Amino acid sequence: MKNTYKLTEGAILLAIFAVLLLITLYIPGLGMIVNFFLALPFLMFASKHDWKSTAVFTLAAVLLSMILGSFLAIPLALAYGTTGAVMGYLVREGKSRFAVYIAGSIVFLVNLVAQYALSIVLFNINFIDEMVTVFRSSVDQAVKMLEQMNQTPDEKLINQFDSMVDMIEVLMPSMFVLSSFLIVFLLQLASFPFMKRFGIKVPGWRPLRELNLPKSILWYYLITMIVALVMQPVQGSYWFWVISNLTFILQMLMVLQGIAFIFYFTQIKGYPRAVPIIVVVLVFLLPFVLYIVRILGIMDLGFDLRKRLGEKK
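Counting in our numbering, the sequence shown runs from 329 upward without gaps.
These aren't lab readings, by the way, just hints derived from the structure by calculation. These figures come from a predicted structure and were not determined experimentally. Do not take every clue at face value.
Taking lysine-lysine pairs in the BS3-like style, the calculated list, with each CA pair at most 30 Å apart, reads [stated by the list, open to error]:
id, residue 1, residue 2
1, K472, K543
2, K484, K380
3, K484, K334
4, K472, K334
5, K472, K597
6, K380, K543
7, K376, K524
8, K524, K334
9, K376, K543
10, K635, K597
11, K334, K380
12, K380, K529
13, K484, K423
14, K543, K524
15, K635, K472
16, K423, K380
17, K543, K597
18, K334, K635
19, K376, K423
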């Protein structure tokens, strides 16, 4: 009876995955939304059954994707399948929401990097180079259009666009990391409410104001800044690539620490909940707000601002 129930549940979830996959592949507008539910069948199956059964279920989903879709369907099934399976297994083991999130993000990142490498090795397709080429051609076309309209293009603006494209190319590893963590966050946001509806015990998030990164992160950040100042690596070199990506990731972590401090500060002061949310929105819109929040994160991590405020409170 137990095996029969497992097979029946697996078949139903595979059918749901097939429908979600077809919508994602062949209905562009709706597919962008449905895309975030692709991991749901794997999450639900893995949260109820052992890892061997989950591995068989994931393999069956990949084989099914080969039948239903093109080559594009296989990477989708692998990325969302393995990510959902790992997260579901950790939910079954009773791990914290943060542990589930980190593990899922790492698995998704490994999939992205592996698929990128295979696309270069097997198909000689480097989508990063192609994307950079598209950006550069767009800038060139815009300049030509201005010249045809007898308008002189602003050299400073053109140089800024060229620098931005160069920096995007350099920071691609960081973009891989950030996109993986963002996508898995959205996967949890979409899938976990459905899991709760079906009686699966899902761990909850700790309040953001309680987030406190390890102090070692601050030391890594300071060391990276010092190395960048001392070495002053030439743009395009290996060390420039390494230091740029390390700096970017560590700066984002400082911003996250600063946002957590703002949530803590507004909570102990009794400010409305809308205040920290507005600050978070402004972080993405106004660069100077981003710098202020980053400095707050550095100060909070270095001087235990929350602990000091708690003692005064």
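Is it true that the CA of K334 sits at most 30 Å from the CA of K380? Given that 30 Å is the threshold and the Cα spacing comes to 12 Å, the pair holds.
Given the proposed pairing of K376 with K423, does the C-alpha separation stay at or below 30 Å? holds (14 Å)
For the pair supplied as a hint, K423 and K380, is the alpha-carbon distance within the 30 Å limit? holds (19 Å)
Just to be careful, I want the Cα atoms of K524 and K334 compared with a cutoff of 30 Å; is the pair within it? Roughly 19 Å separates the two Cα atoms, so the pair holds.
Within 30 Å, alpha carbon to alpha carbon, are K484 and K334? With Cα atoms ~64 Å apart, K484 and K334 exceed 30 Å; violated.
Can you confirm whether the C-alpha distance between K472 and K597 stays at or below 30 Å? violated (55 Å)
Can you confirm whether the C-alpha distance between K472 and K543 stays at or below 30 Å? violated (51 Å)
Does the alpha-carbon distance linking K635 and K472 stay inside the 30 Å limit? Given pair K635, K472 is violated - Cα atoms ~58 Å apart, limit 30 Å.
Given the proposed pairing of K376 with K524, does the C-alpha separation stay at or below 30 Å? Roughly 13 Å between the alpha carbons, so the hint for K376 and K524 holds.
Quickly compare the C-alpha distance for K376 and K543 to 30 Å and report which way the hint goes. Not OK: K376 and K543 at ~37 Å, beyond 30 Å, violated.
Restraint status (C-alpha distance of K334 to K635 at most 30 Å): violated (50 Å)
With the threshold set at 30 Å, check whether the alpha-carbon distance from K635 to K597 stays at or below it. holds (14 Å)
Comparing the model with each earlier hint shows violations of hints 1, 2, 3, 4, 5, 6, 9, 13, 14, 15 and 18; every other hint is respected.
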